[in-house]
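There are 2 protein chains.
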Amino acid sequence: MSTSSDLADRLQSYLGPAGVITDWRDLESYAVDWRKLFPGKPACVVRPNSTEQVAQVVRICREAGVPIVPQGGNTGLAGGAVPDASGTQVVLSLNRMAAIRNVDPIGMTIEAEAGCILKVAQDAASTAGRLLPISLAAEGSATIGGVVAANAGGVNVLRYGMTRNLVLGLEVVLPDGTIANGLRRLRKDNAGYDWKQLFIGSEGTLGVVTAAVLRLLPRPKHSVTALLSVPDPDAALTLFGLAQDDLGDQITAFELISRTSLDLVARHAGLKPPIAEGEWFVLIEAASSLAGLREAAEAMLGSAFEREIALDGVIAESGAQAAQLWALREHVTESEAREGKSVKHDVSVPLTAVPLFLVDVGKALADEVPGTRVNAFGHLGDGNIHYNVLIEDGHDAGAVNRIVHDVVASHGGSISAEHGIGQYRVGELVRYRSSVEMELARKLKLALDPQGLLNPGKVLSP
Amino acid sequence: MSTSSDLADRLQSYLGPAGVITDWRDLESYAVDWRKLFPGKPACVVRPNSTEQVAQVVRICREAGVPIVPQGGNTGLAGGAVPDASGTQVVLSLNRMAAIRNVDPIGMTIEAEAGCILKVAQDAASTAGRLLPISLAAEGSATIGGVVAANAGGVNVLRYGMTRNLVLGLEVVLPDGTIANGLRRLRKDNAGYDWKQLFIGSEGTLGVVTAAVLRLLPRPKHSVTALLSVPDPDAALTLFGLAQDDLGDQITAFELISRTSLDLVARHAGLKPPIAEGEWFVLIEAASSLAGLREAAEAMLGSAFEREIALDGVIAESGAQAAQLWALREHVTESEAREGKSVKHDVSVPLTAVPLFLVDVGKALADEVPGTRVNAFGHLGDGNIHYNVLIEDGHDAGAVNRIVHDVVASHGGSISAEHGIGQYRVGELVRYRSSVEMELARKLKLALDPQGLLNPGKVLSP
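Chains as they are written, first to last, in my numbering: chain A, 30 to 491; chain B, 30 to 491.
Just so you know, these hints were derived from the structure itself, not from any lab.
Honestly, I wouldn't trust all of these hints.
A pair holds if it fits inside one copy or across any two, identical chains being indistinguishable in the list.
[To be verified] Capping the alpha-carbon separation at 25 angstroms, the derived lysine to any residue pairs in SDA-like fashion look like this:
1) 370 - 149
2) 250 - 336
3) 148 - 183
4) 148 - 274
5) 250 - 78
6) 472 - 207
Chain A on its own, in the form it takes in the complex:
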């Protein structure tokens, strides 16, 4: 403990009183993730206010042999940004580095510091007439640094890709305390290894993201939202193909929702879908700068009804109606929580494997853990299903988890589509990724962080 407090003193003498938190009452929001699944205990929290300060903090901690846990908005779902319970890890919060350095509506870029709140960056882009298309539930608290470090997904991935696709430049403090400045605003740059890719999605285990240049997109002027009932997930896939044919890359969202999901929303949120019948539903949104989007969408849906790949449907007549349709989707998670205990999975499989995946995992669960109920919904257009299993007392959550992930693996899928590994899935990653891939990851970790001081125990077991 004396080492810890010596270190806190050294950090405080460098950063000043505002730069270090040691009082337990002020530490708590940094110590535990927001779902309260991973309670940790930091040695202290440091809050540098410049890249140079971040670098110096990393050097001081390195000299002392003390592990660092980088943290943004602490909105992660895998415990990747909170310390362990040893009391020896330093949380490095980026929340005092929150400036937007530049918005360029012609060059279509935004440069922001790591601690900038995602929503603030979205608003700055919007004010400049452009779109920062990273959009997720936690956008009011999540930070640019966290979004980059986690390679965040969200509701616009189908059209705009994951965060990785939008990162043009990155500034990173390396584990040895040097600053790698790659804050270039270039759409094309094939001059040498694209090292920034390593840090995107590596959850703070290879370096501390301190600033990023992100790509902006044009803001679409027209949008169409529709809710449809479909005979089954196979028909939903055929409908997806038809939508690609007729609306092209203007489709923003293609969400699959099960009857169970809508029943939960009706029961707990009091929201009723405008379509009474059906076992499976699809929520489609498309947006474009071109007029003629709605006509094309109506023609596409007409053809879907004719081919009986859609059975019933509603097109929103206003923004308010579109919001009502989205509310059905957005209340699924909360309604599930009110229903009782569940085992959650954020998985992806190849798009065309989704129907068979649903059948296979349903069968395996019915056989091996009878009495559970399935609440499946998610981003069908991305092959990303939130496959949540409602359990009762006596059901083995670990067994459920294993069954779902084994079926995911059998379809060539991923056990973490967008939430990352953090500390939550570290053990499972080893089970589902090949030893060659794990060895490659360990080589990269060792090359960049030979002392293992950066976010140890996350992504890779220590």
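Once you have looked at the hints, place chain B on chain A.
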């Protein structure tokens, strides 16, 4: 030499006679790049026909301590895929691994082996009603493996991004001869480090790409092509902003062409632009699945004329007319070659810096190497300018090169937007990238290829 021929024997006994080429007459097309700038001399050329054979070749060469140069279609512009002149390097050609393993028009993916010709993959996607949007001059010879290893750009980057944005899965033989199989067909996968990013664009220096899963896109049904004269590059930028506002992300190309470029095309290719006057020209193409594209484009151009950011213009009335407009752009390089000697640059700067970059570099050249003429054209929408300088006898090509790249650096640009570093720009990369970035690159190289046997001397100096 006996070692070389021993090795060739070992390789031949493993691969069979079709798998190894040692006769000089058959070696030549593998030994020299197609521009004949980098004549090399391989120990031999090996042509494995499976991933396992590639792995075994790498193991055999490793044991013998012999360097390997991976090669696809040998269409690179930086000498990255040809051996040095020592006679000791083995060229590993992927051209017998050319299968398309799968095309999925609903899941929107194509899986192909490294030696598959880009054009063949494009056609397979097209037959399935989808678009593989990587398109470049060498597409009839370039291979999927080469395109991935080079992170190829081309004419669709503005809309679809570089090759990196389209790679979903990758299979790579590592320098130690193990096979890393990441051939996943997933749109979202945040399970561990995304190691495949390291190999994309690293020009065969970290591993041998043996197969890839690429993302497909919908095929647009409508397109519009227009050639405009603009007062200056600043106006071209303003026009770009207007086009983003009005046509959104449906713009496929936004090319800047100088008067000099069109004069060269008129003189040497006999093609005359349909617009007589002007110093600067913009070629715009947009494509969409939605009708209404042309009306939106016409309205946008009307507003551009009104605001005097465009002076004169022609919209193609047919596919043939569109092809005529594109022919003006496509004949620039060839016409330049007929004019005489030139020093070529493939540079990028932030989009909004392009006008000032053009002014700055023009001034510096006029001051320091008087009498040269500038042929500037390129992908303005990507900030990527092919800034070529026509020189006469007595002009110092090295000085021209240095001046252009120094001005690029002063604007935060890149000395290689899409062509890569290969052996051509190895020395310059060290000059223009920070020591921290170079050190990071060397760490990665050392971690993956400690013996330095994979494509030595490319990207990084040996």
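Status of each hint after checking the structure:
Neither within a single protomer nor between protomers do residue 370 and residue 149 lie at most 25 angstroms apart by alpha-carbon distance, with minima of 34 angstroms and 52 angstroms respectively. Only between protomers do residue 250 and residue 336 lie at most 25 angstroms apart by alpha-carbon distance; the minimum there is 22 angstroms, versus 30 angstroms within a single protomer. In this assembly of identical chains, residue 148 and residue 183 lie within 25 angstroms of each other by CA distance solely inside one copy; the values are 13 angstroms within and 34 angstroms between copies. When the C-alpha separation of residue 148 and residue 274 is checked against a cutoff of 25 angstroms, the pair qualifies only between copies, where the shortest distance is 22 angstroms, while the shortest distance within a copy is 33 angstroms.
In the homo-oligomer, the alpha carbons of residue 250 and residue 78 never lie at most 25 angstroms apart, since the shortest distance is 38 angstroms inside one protomer and 51 angstroms across protomers. Taking identical chains as interchangeable, the C-alpha atoms of residue 472 and residue 207 lie at most 25 angstroms apart whether they share a chain (20 angstroms) or sit on different chains (14 angstroms).
Of the numbered hints listed earlier, those contradicted by the structure are 1, 5.
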